[in-house]
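Here's the letter readout for the chains.
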Amino acid sequence: MPTLNLPLTETPSLLGEFTESLLEESRKGEHALLQAKRTAAYESYEQIPNPTRFHEEYRRMDPELFEISSFHPLVIPETPVDYTPEPEDASYDVVISVSPEGIAIEDRNDVLVDGTLVVMPLDQAAREHTTLLEKSLGAAMVPGEQRKFLDVNGAFWNVGFFIYAQKGVDLKGGILIRYHNDKADSVLLPRLVVVAESLTRFAIAEQFTSPDDVKTLCISGRELLLDAAADVKLVSLQDWGNEGRHIGEDWARVKRDAKVNLFSMTVGGKVSKMTVGCDVCEPNANAYLGGMFFADREQHFDQKTLQYHSSPDTYSNMLYKGAVKDKGYSVYQGIIRALKNCVGVDSYQTNNNLVLDPTARADSLPGLIIDADELACSHGATFGNIDQEQLYYLRSRGIPEGEARRMLVMGFFDEVIDRIPFENMQDHLHAVIERKFG
Amino acid sequence: MPDFETDSNLVQEYKYGFFTDIESDTIPKGLSEEVIAIISAKKNEPVWMLEWRLKAFKRWKKMKSPTWAYIEYPEIDFQDIHYYSAPKEAVDSMKEMDPELLKTFERLGIPMGERDALSGVAMDVVFDSVSVGTTHKEMLEDLGIIFCSISEAIQEHPELVQQYLGTVVPPGDNFYAALNSAVFTDGSFCYIPKGVACPVELSTYFRINAADTGQFERTLIICDDHATCSYLEGCTAPARDTNQLHAAVVEIVALDNAEVKYSTVQNWYAGDEEGKGGIYNFVTKRGHCRGHKSKISWTQVEVGAAITWKYPSCVLEGDHSVGEFYSVAFTNNKMQADTGTKMIHVGKNTSSTIISKGISAGESSNNYRGLVQVMKGAENARNHSICDSLLIGRDCSANTFPYIESEDDSAHLAHEATTSTISEDQLFYLKSRGLSEEDAASMVVKGFCKDVFKKLPLEFSVEAIKLLEIKLEGSIG
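Residue numbers (the numbering used here), protein chains in the order written: chain H, 116 to 553; chain S, 21 to 497.
Keep in mind the hints are simulated off the structure, nothing from the lab.
Note that this is a predicted model, so its numbers are computed, not measured.
Careful: at least some of the hints might be erroneous.
To be verified - Covered stretches of chain S (chain H as the covering partner; in silico rule of three or more C-beta atoms under 8 Å from a C-beta of chain H):
# : stretch
1 : 314-322
2 : 339-347
As the list claims (entries may be wrong) - Negatives, chain S to chain H, calculated, CB over 10 Å:
# : residue
3 : D415
4 : K474
5 : S481
For glycine and all other residues, C-beta sits at the position ideal for the given N, C-alpha and C.
Construct the complete structure from the given sequences, taking the supplied hints into account.
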């Protein structure tokens, strides 16, 4: 472990400019509800000690690597900017674009007109949907977990959206949120709150990009609340430039008969630590967590998942596929947790890793914490290089070795990529894999 | 099933929970440099050994008890333990043994007398802090095999002890290893010379008898080039209301083409149904495959101890070396177990297999924790791990924490784990064949553990199955 020689000290500088004065700054002119929520998050944030690499969760991902104190919070102007369409937008109903210049929300197919679907910035939601937002903001957290960076986001978020689907909304195209940060040394703190009433069905895509050689940091927080029989998919694609850093927290709470799909695809950036958790909290709730990470050059990616079963007869499935190339380093940590008396739980966790170069490294720490019987929980993890026999087969068909390797890696990832509900995202990921082999 | 219940209450009592009233030589409670000097003096140890102990003690004083394991227990007062207790009458040979002691071992079913000279097991017996006798010595001596207590080895083979002691588990390795290095009292020493295949099972039997004592066992096994041996240890203790500490260190060295098989049937007193009393079993066991094509195989059946905390490990340094770990851990009532293994692949073309079966019943907690590490340059490392947990009852818990670290692209590692309960289908099928529910469940459990039991030497395999049956009774249905 390259970080093992650091001294065992708490570093007060870790969180840089995230202080009370910034809190005051963020609260200025806001709705009282948001002010209260920020203060509460700040109080909780202050009580949690700074993570160091001596915490089990950060043992393989030193928080110092994010160099948080060298960044300044981004101020995003409130006035909306003009929407510039991109070719990929065609398949979406709503497109939100966020950049340091401002925010644009485009309702391409008039799905927001009748008000059954709401997509708006958080401060507008605080005025128009006060009670609902009060109930929802910060409500998807899995109990008993202290998440410092989620609280950082909760107290200091600088761009936030509220997506609310009333009973029965069935969205064909989906919602795309595009974040692009090209301002050097700035922190983007996006917040997303999704509330799905019963019998709704929709998908959300989030895409994070930045230009190469521009040092940026992102601390994101997303939460999803699914009522009975809702079906929500969330895909997040981290494709930062080579100096991007990302700490992300996604949490979902899933009620009776509902189903959530959470995809986290990390391919770009310098370092990232993504956490995806779901609480399947009523019988017959179902969660699928899918993810991929592909670390090349000197990228260092850390993925954490939590499948939390707080009710009997709940289901979850997880598939994370990772590849490491050059000096890439990936860490996967996963937990399946079944609480006492949660019988009839069926849960699975798979992590497959491709180690493509001798200088690359992959760690996997799957885990089961089970306090009930009459259930079935299992996990599997594999490590290996490309199968020599498959490679030989392809080469015997006249495919050059480099091409054959690329095809096999593509096939390896397609098990996850194929499940993503957006074709343009799939194309994007395929292009990234090509790029990494280029 | 009223019949069964009355029955099970009888069987379930811990059979080895008696206490032998013999005069013993026990030093006052407490731990200090003086106490270590007393222990060393009692054993008539050379100066280098005392210095080694004191160095370890110095390190231990700076260390903190680890807290990362998934177990809970009140803080141990290390000053409230007798660090040395021995039967008063010095025993020179088996025949002169205290009849009371002999009777104890007969009750335990340990072959010690002459009549057992033909049985295929050579035995060393450790009673509290000292070894009280070793059988089959002459036959082993003829082959050049050294099998004696570690105290004896320090006297008679100091060069071997000095060469190997602490090279696999260094004194400062961890909190309990450091404590053990400072105060260890007895244990076994085995040396199998070049090219010798040990014809009998070597076995050590550990018994804690005196109250408020800690047992600090130290075992060192060395298999020279082309040598093989199979070693087995068993353990029991009287049923007491207070907790007792057993902090052992076991070191195994396998040189070129050597093969060591180490089996444990651990049946320390586990405390009563309320979780009162029982042994804290905090153990460091590690094998070092130093030589080319060497092999170390760990088999453990853990059915006792209030808290078990141990990770028999293999460091696979020699090219083509092999490490194996087979484990059945059973917990009942309020027992807690955090056990597993570490396989560290250093050499080229090394392979390791892990099969771990955890069964938890009652209100117990049973954890598997394992590490498979492939170091840089450990080309073509192979590992296959299977960790299965079986839950019986609603109040127990089973957790699995495997750690897999791969730093080489030629490694092939696979890990799978499952947690489940005995399925209704299996029970129904067996019951439809006329088996009672108890027998059916017991059969499923035995089948669950079969992969591990078949790795044990035959006699012990039978013993282990019986032990598990006894422990299971009353936990099903």
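message: Run through the hints listed earlier and report the numbers of any the structure violates, in increasing order.
response: As far as the earlier hints go, 1, 2, 3 are violated by this structure, in ascending order.
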